[in-house]
Amino acid sequence: MFRAAVRTLRSHRLRFAMPALAVLLGVAFVTGSLIYSESVSTAVARAQANSQPDVSVEITADRSAPSRPADSAGGGPRLDDTLLRRLRALPGAAAARGTVEGRSFLAGSDGTLVGDLNQAAGINYVPDRTGKDPRYPLTAGRGPRAAGEVAVERQAAERAGRRVGDRVRIVVNGTARSARLVGIFTAQDSRSAAGGTLIAFDTRTAQEQFAPAPGSYSGITLTAADGTPETQLAQQAQKMLPSGLRAVTRADLDAEAAASADDNQKLTALLLSFAGIALFVSTLLVANTFTMLSAARAREHALLRAVGATRKYVMRLVLAEAVLVGTVASVAGYVLGIGVAALLSSLFGVTGGPSAPLHIFSVTPLIAAFAVGIGVTVLSAYLPARRAAAVPPVAALRTSEPPTAASLRRRNAIGLAVTAFGALLVAAAVSSQNLLYGAAPILLIGLIILTPLLALGVTGLLRSPLTRLAGIRGKLAVENARRNPRRTAATATTLMVGLAVITAVTVVVCSVNRMDEQDADRSMTSDLRITAVDFAEIGDDTAARVARLADAEAVTPVIHTYFDVSGGNSLPANAVNPATVQRLAAVTVRKGSLDRLDHGIAVTEKTATDHGWRLGSRVTGTLNNSGTKTSLPIVAIYDGSDALAPALLSDRTLPRTADTEHRPRVESVLVNAAHGRTAALRQEIRHTLDNPALLVQDRTDVRAAAAARTGPFLNIMYAMLSVTVLIGALGVVNTMGMAVFERVREIGVLRALGLDRRGIGSVLRLESVTISLLGSALGLIAGSAIGAAAVLGQESVPLVIPWDRAILFFLATAAIGVLASLWPGRQAARIPMLKAITTDTE
Amino acid sequence: MNQRTDALSSPERPGAVVAAADGLTKVYGEGETRVVALAGVSARFLRGEFTAIMGPSGSGKSTFMHCLAGLDTPTSGTARIGDTDLGSLNDVQLTKVRRERIGFVFQAFNLLPTLTAWENITLPCDLAGHTPDQAWLSDLINILGLADRLGHRPAQLSGGQQQRVACARALATRPAIVFADEPTGNLDSRAGAEILSFLRSSAKELGQTIVMVTHDPVAAAHADRALFLADGSLVHEMPDPTAAGVLEQMKAFDVSQRVGRP
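Chains as they are written, first to last, in the UniProt record's numbering: chain A, 1 to 842; chain B, 1 to 262.
Chain A with its partners taken away, still in its complex shape:
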């Protein structure tokens, strides 16, 4: 059985190449995603396990405990030297150290921040008796001793291009400053392993920068003495800790870190769903190929039946071929998958960090590769195999053309019903978003069933214009496309699926982009706006420093804080400069005035209504977790943009606090320039702040940034969907190749009657483009509908149909059609005319 299958495969190598390639691509996508994802999680787990091996137990604030006000004097449980000494004295503890860490960024020689900003950290250097910190072994220089000195982790220093003795630019708490690089160290730390930069400060400086209270630590880590299990040490420590602090074992810390690293899983799920789409399209291609082959080999199968083979034998023979094709595709796909994993690793890998080593052989991807490769091929070959087996033995004696295919009536009826149902569901999804996940596939499957009818309709319409345009060549192309509507449809739909998903994604992204732009336009009411890059912050004094510039006409910070109203909820509030805010932001005062905001609070009309407040009502509560009660009268009721809702305070009302955790965050600084001085002012601000973690943007920048935000996402989507489109293109090549194979005789006749090789090529090209564009048009329409349903279901997102891109996609599929006909065209040109016309029928 398998020997017969192998022989068939050999003699029809080219015929099986395309389905094998399609499955191969799908398998590569799946295994690549799995290998990459496994490698990343292994690397993350290993980095975590290797991180700070001296830590057995960590003492931190217990975040699960009810938050208690920590006043500026540093009340509540404190991680300080007293506690540190007592913990060090525990019988199970070999060592204890106070750690105080926070965000710190390092600028490279070109002035921009280096490394993964989310993993950038400042740490404290704790020298032992020899003056060295065993946790951070130095490779050059010495440890930092004073405020102006830092040591930097080796990879970070390399990335920044700095050596011992250089001055480095660092950003801490939103302020940039220069420091002398006195040492370079290595660290076993998950953050540096993930591409983050580590900057070491002396403990006093670190405490000033990061400690919740003066002289305190953000955590204390214990090293267990030999023979003491970490759980035992944790229990010992927990007993002596004041409430509000907790001792966590190393094992629990690692588990927490692993659980929080779910980005990787999300990415894997996304990758696998795109792989699924690609595989679905492969299924269509494989099924189509086996159908075409069964038709071409009907006589061969009938002959087998005539000499005594059972139906089962013929069916098994075809399925054995499928198994072989699937196996070859799985093996090759796995190999290619390793390449895909490497590609993914370079696409999504940590910026500049050491990339995760790929685990080339592991169980899950191997099983997945073979299960998916063989499964998909056999599954899609099953129906064609059954049809092949149903060939009557007498067909072996027939010499005429194969009998005409069964009527499409039943298929059309089912297709219409499913398409209509899918369309209804898509429409219904506008009001219930979750429906879309079911509606989109149903609509597409309905269209797949219905496409033969659509193909006949569309090509019927195209017949006369194409004949007028391309003469007999056009007519022949259209007629060839109409000749087997099932096949034309199967080919067009392989392209349709990819196009539909691409279009849907594009519609959604473009719509969201437009919303972002509109939001940017609405919210950006000042000439300039200063914001921090992701994970960074703006220094408290930034607004004041900008205000001192000559060209700055009006400046206000926007500081996010919150007001815990007594007996009520927390009211988010924005602290601004009351004197300038009305000039800088869209704030319309309905009642009262912002003049007295220094001694009160302003709320939006909606907030006032919700709480039953009116002008003059007093709002009592705790401001910004400060621990002291404040009572503020409502001095104004206003309407404003979402960014400034629901309450306004004066930046002077805000309590000063050293508590870094509860410090109000400066979200942005809004600036108006003196008339005509915007560009100049922008330069001045950049120069004055000289902070690579800050963005100074004008209206155009903000708009462009809003629109650009989705760019990388869309490109990644396109990259992943291009695999699906590629498989669709292979489908077109496949069908055209098969058409040439079947029409050898006709091509010969046309050549004899006076169509030259180029003419033969152009007939094939026109047919190929017609089929491709049919798939493209269906995909564009279905994708737009699905995308529109997704957008319309979201409030406040305007629907944008990206016509320019749609036209581009349409043209791109036309190009695919042309390219897909190149190889079949060459095959056709090579057909020896004489042999073609003198061969007997089949």
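Just so you know, these hints were derived from the structure itself, not from any lab.
You can trust all of the hints, since none of them are fake.
List of simulated lysine to any residue pairs, SDA-like, C-alpha gap at most 20 Å:
| id | chain 1 | residue 1 | chain 2 | residue 2 |
| --- | --- | --- | --- | --- |
| 1 | B | K96 | A | R757 |
| 2 | B | K96 | A | L834 |
| 3 | A | K835 | B | V36 |
| 4 | A | K835 | B | D91 |
Take a look, some chain A residues computed to stay more than 10 Å from chain B by CB distance:
| id | residue |
| --- | --- |
| 5 | E158 |
| 6 | A269 |
| 7 | S641 |
| 8 | A679 |
A few chain A residues that face chain B, going by a derived Cβ cut-off under 10 Å, partial list only:
| id | residue |
| --- | --- |
| 9 | I472 |
| 10 | E479 |
| 11 | R482 |
| 12 | R751 |
| 13 | D756 |
| 14 | R757 |
| 15 | T838 |
Built from N, CA and C at the ideal position, the CB exists for glycine as well.
Add chain B to chain A, keeping to what the hints say.
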């Protein structure tokens, strides 16, 4: 007929020479597998002449026709249509000659299944980008009795009808010469007779030059003359052949072959 072919006509012959073969040789393979299909065949075909090429299988009659029709390239010798030496043409030029000056009728009809009878008939004109000569075509269609079949696809036509469509297609461009390769091979005797009498009358009445390859003596009897090929050589020419005469000649070959090759 155009004037160039007239210029070629030799004074001692009544018609103009439409096609000529001069020492046509075709050799397949090399060394051990070397097969000589044509061993230097020369012949002339005059305007309005209906020639049958006869010979047993393997005699080279089909190869001779293919070389003369520009479907195959001879190893040596020249094939001319009018005064055009086919050997001097590239593929595109050769295609053009086939399209404009040669008509074909095949044993297996070879109509395009996707086109209607009418579209099949006008196919050579369409390929050449000419507007078909409507009056000429309607004459052809009437003679062939296809008027009520023009909208049908080949699959909806009988074998005889299909071959009649093929004949109309071959004559549609008023070619210099029509080559018919076993045109009756796939037809029953009645349908075959219709085709043969059409070919004959188109030679007689329309002045159409026709070269027909056949192994059927009855078919050959419709021709003005019969050329006999054996083992790649032209061995005999019979004017106004009769079925009985042709049969005699063929039997003679069989004997001579058996005697010649023990």
